[in-house]
Amino acid sequence: MRQFIVLLQKELIKIRRDSFLPKLILSFPILIMLISPMLATMDVRNVNVAVVDLDHSTTSHRIISHIKASEYLSLVGATSEFDLAMERLEEGRVDVIVQIPDHFERDMGVSTPEKISIIANAVNATKGTMGTQYVIQTIAHALVEVRNEKNPNQMSELVTVQNRFNPTLNYRHYMIPALMIIIFILVCGFLPALSIVEEKEVGTIEQMNVSPVSRFTFTLSKLIPYWAIGIFVLIAAMMIAHLVYGLLPAGSFWVILLGTVLFILTISGFSLTAANFSDTMQQIMFILFFFIMIFILMSGLLTPIDSMPDWAQTFTLLLPPRYFVDILRSVYLKGTTLSELWQDFVALGSFSVLFNILAAVTYKKQA
Amino acid sequence: MSEIVISVRNLTKTFGNFIAVNNISFDVYKGEIFGFLGANGAGKTTAMRMLSGLSYPTSGKGTVAGFDVSREGEMIKRHIGYMSQRFALYNTLTVGENINLFAGIYGLSKKSAEKRTEELLAELKFSSERNTLVKALPLGWKQKLSFAIATVHKPDVVFLDEPTSGVDPVTRRQFWEMIYKAAEGGTTIFVTTHYMDEAEYCSRVSIMVDGEVRALDTSTRLKEQFNAESMHEVFRTLARDAERGELET
Amino acid sequence: MKNSFLSFIKKESLHILRDKVTMLIVMLIPVVLIVLFGFAISTEVNNVDVAVVAPERTDGVVDAVNRIAHNDYFTFCGYIDPDQIDQELRSGKVSAVIVFASDFDRRMAQISTGLPSTPIIQLVVDASNVNTAGASTAYLQEILLGTASQQAMFETRMLFNPQMKSAYNFVPGIMGLIVILVCAMMTSVSIVREKEVGTMEVLLVSPIRPSKIIFSKMIPYFVISCLVLIIILLLSYYLLHVPMSGGVWGIFSLSLLYVLLSLSLGLMVSIVAKTQVMALLISAMVMMVPMLLLSGMLFPIENSPIFFQYFSNIVPARWYVEAIRKMMIQGSPFLAVWKEFTILLGMTVAFLGVSLIKFNDKLE
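Protein chains in written order, with our numbering: chain V, 1 to 367; chain F, 1001 to 1249; chain W, 2001 to 2364.
What the hints contain is simulated information worked out from the structure, not anything from laboratory work. Since the model is a prediction, treat every value here as computed from it, not as a measurement. You may find that some hints are simply not true.
If you only want the chain W side, here are some residues facing chain V, beta carbon under 8 Å, derived [as the list claims (entries may be wrong)]:
| # | residue |
| --- | --- |
| 1 | Gln2110 |
| 2 | Leu2181 |
| 3 | Glu2302 |
Selected chain W positions facing chain V (in silico; Cβ < 8 Å) [to be verified]:
| # | residue |
| --- | --- |
| 4 | Arg2090 |
| 5 | Ser2091 |
| 6 | Ser2190 |
| 7 | Ile2306 |
| 8 | Phe2308 |
A few chain W residues that don't get close to chain V, going by computed Cβ distances all over 12 Å [unchecked claim]:
| # | residue |
| --- | --- |
| 9 | Glu2056 |
| 10 | Met2185 |
| 11 | Ile2314 |
| 12 | Met2347 |
| 13 | Phe2359 |
Idealized CB from N, CA, C, for every residue including glycine.
Chain V extracted, bound-state conformation:
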């Protein structure tokens, strides 16, 4: 026990005396939580729309004013020259062009009118699709309005939509749990491994290996500070989410805590395993970079797993963060309970056991 205490003291002193680490550990999570929700938004707003109005009717004017009024769209201008609009689109100043054909209003009442064309710049696929959808919805509303004026009561909204769990459609609320997970991955994934490999490079680890310290004690003394930092990150992040972004977890804090603990165990175990396979800082850097990039980009943190091709979706089953993303988002936004998420917890728990066993087994005290 005494052995363990002095080792833990050593770790804490090392972290505290470092010229960079304490600042990083304190400021990095806080800054990310404060700033990133404002940046990490795929919320498509300010879609620039140009209208090519060949009809010049009440209806086409109604459409234009609806586009102007939409909170998602911003009207760049209306023209009757298609080429001009196209030029603007190529320059990147217009995202979507709406072309209202000649005699649209006249034909609308009688037969099937010539179609309204919508041309989107899809270089940014998200903006292309979402922008087009918004434009269609906006025009549809405008047309319903026009018809209702002509024959009152003929049509009203046929479909009502109820947005659960995030009624204001706030993209930040969707991203906040993801950002927390990115911090956990970076802090608890990078730091323990670097601390071990540093000891290897400096040679102090040999002094440990020739002492009666068991690998379990040594490993634990390395991990505990980072576990504590992980919990600190969780609490700080939850407070910022609440105070700055008004997001409180819909579900139980204890379920979140349990998930976080399991995840921190998993990712730090992974970190140690990686450290055991590297002798130099350069090696560990590439190993960590490789896996951490995959963790961040493939676990559904930033883009939905459902959007991936089937083989990739199967592949994500091997990524521990994937389960935690599911847990944290569901509990935070939807209030999902532990029993509803048992599969995720079992998976995450298994990974934490697996990685920590792996870390202990691959740590060599003698050759």
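Knowing the structure of chain V, use the given hints to seat chains F and W on it.
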């Protein structure tokens, strides 16, 4: 003769085709300063790592402080001190913190660790440097501190791997005084070095060439045996036809 | 002097080449990541799980459900009871529930004959993922109401990326992210390593000018990066089918400049960092976040608050991603990205200049 602390019989270590240590046998007695000499690459460090439980022998037997090197590495570690060729204390910890850390690692209670810290600081005449960060110490002082820390738990044997390389002559002198003092206290010292004058300070000297122990006796008798003026010459005679490692004197 | 410079470069290159494993890893990592992400990452809304609540499974309802079941965007997960809606959504088993009115068929008939009507379908959507919710609401309305809605009146065209392949969208971003991080990490860590081990001091006391020492360190990494770049471009073209219609040479030269910029950034980091750990943490962890969030690779920059839009101007990846997107996907010629090219060039010169001055300062 007094009791045997290290006993080695036919100890061998191979890495693939390379025989790093070839069938060595010797005994080291309690309180001895045992000099373990050899050119770079002769296999000194490999042999020493096996004796200190850092590496398993490929074949052969050895006991250190009564424990088997192949099976009881962890027990050996409790009874030995080790000072590596590379400085291996924590740079960002102070002198006092380093001593306290290793005292704790070797199972000293908090109280006896404090007492031992005072003792060692006094011995080193380091009391004023207690709160200095280790990285700020000059090299010679670091080496002395490393040695003190290797003896923090009063081990049966202390292994020293090239403890004085790069250290100025005055500090080397002081360092050897510390070694003598520890040996007088009954600690066995197992030291590798390539300073031949230091070999003269040892109770007995073994010389390794190409993974084998080619000579083993007191330095006086070795000089007689090889008809040499100094240990330097003895070493040169032995190492002349070495196949590996450069001659380093 | 020139000879010693060459021998220096040789020494550096040998040093790197000798470590075959590291070499292999350096080459392999960017390639694997880009192929993996190029194929896998997508923001398209796909495979949305849908459940249906229908008091009566009339012909009209069954017909509508069939249309959903056969649609690529949706996966039909079965009928549920109204009181299960909440639980199904919360547990994440489904992302949307369609609730049909009990007299759905009759009211649909009324609509087609032009009679007034009130809502006949309710969509209950899991809006925790805003984009999925928005897109699936729109698609569902389109499918469910079919000709009864206004949707049939539109004809849409997606320019430049007609199949909406996300690989197109993400390859430039991923390239921008990975190239800068890998290059900065390699240079900063290797230079700081020499500082830590002490070999840097040996070099500095030699008669070779510090600027040459720096360049000799960067050249081997530059060569490696070029190789990586070539592989990436070949893979993007042949494997991911990114069009590259703006001309290969333009794309290549812009990328070369970007590599140089990234190496210089690594150099700057190496001057600030005292230890390898610090160098690594700055160039991998601290820089990763702004590169990810402010380069426009995933999140449109115009969505950020105005301050950060200005701030994104100093994020090199932003300019690279923008320019490479124009050339790779929109097919703009090299001339069309002169602005981005100049900015990147300016940044490179600035980083290199600052590093050299600081490096010289340290010698005094």
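| Does the interface hint hold: is W:Ser2091 within less than 8 Å of chain V, judged Cβ to Cβ? | holds, 4 Å
| task | Against chain V, run the beta carbon of W:Leu2181 and see if the smallest gap drops under 8 Å. | result | Holds - the Cβ of W:Leu2181 comes within 8 Å of chain V, reaching about 7 Å at its closest.
| field | Whether W:Ile2314 stays farther than 12 Å from all C-beta atoms of chain V, as the label says | value | holds, 14 Å
| query | In terms of Cβ atoms, is chain V entirely out of 12 Å range of W:Met2347? | reply | holds, 21 Å
| request: Please settle this one: W:Met2185 was flagged as non-interface, so is its CB more than 12 Å from every CB on chain V? | output: violated, 6 Å
| message | Restraint: W:Ile2306 near chain V, CB-CB cut 8 Å. Satisfied or not? | response | Hint violated; W:Ile2306 Cβ to chain V Cβ min 11 Å, cut 8 Å.
| Can W:Gln2110 be said to touch chain V, with a Cβ gap under 8 Å? | violated, 11 Å
| said: Does W:Glu2302 hold up as a contact with chain V if the rule is Cβ-Cβ below 8 Å? | reply: Constraint on W:Glu2302 satisfied, holds at 6 Å.
| field | Interface hint outcome for W:Ser2190 [beta carbon to chain V under 8 Å] | value | With a minimum Cβ separation of about 7 Å from chain V (threshold 8 Å), the hint on W:Ser2190 holds.
| task | Verify the interface restraint on W:Arg2090: the C-beta must sit less than 8 Å from at least one C-beta of chain V. | result | Because about 5 Å separates W:Arg2090 from the closest Cβ in chain V, which is inside the 8 Å limit, the hint holds.
| With 8 Å as the cut and Cβ atoms as the points, is W:Phe2308 at the interface with chain V? | holds, 6 Å
| query | For W:Phe2359, which was marked as not at the interface, is the minimum beta-carbon distance to chain V over 12 Å? | reply | Answer for W:Phe2359: holds, closest chain V Cβ roughly 20 Å.
Going down the numbered hints, you'll see the structure goes against 1, 7, 10, while the others check out.
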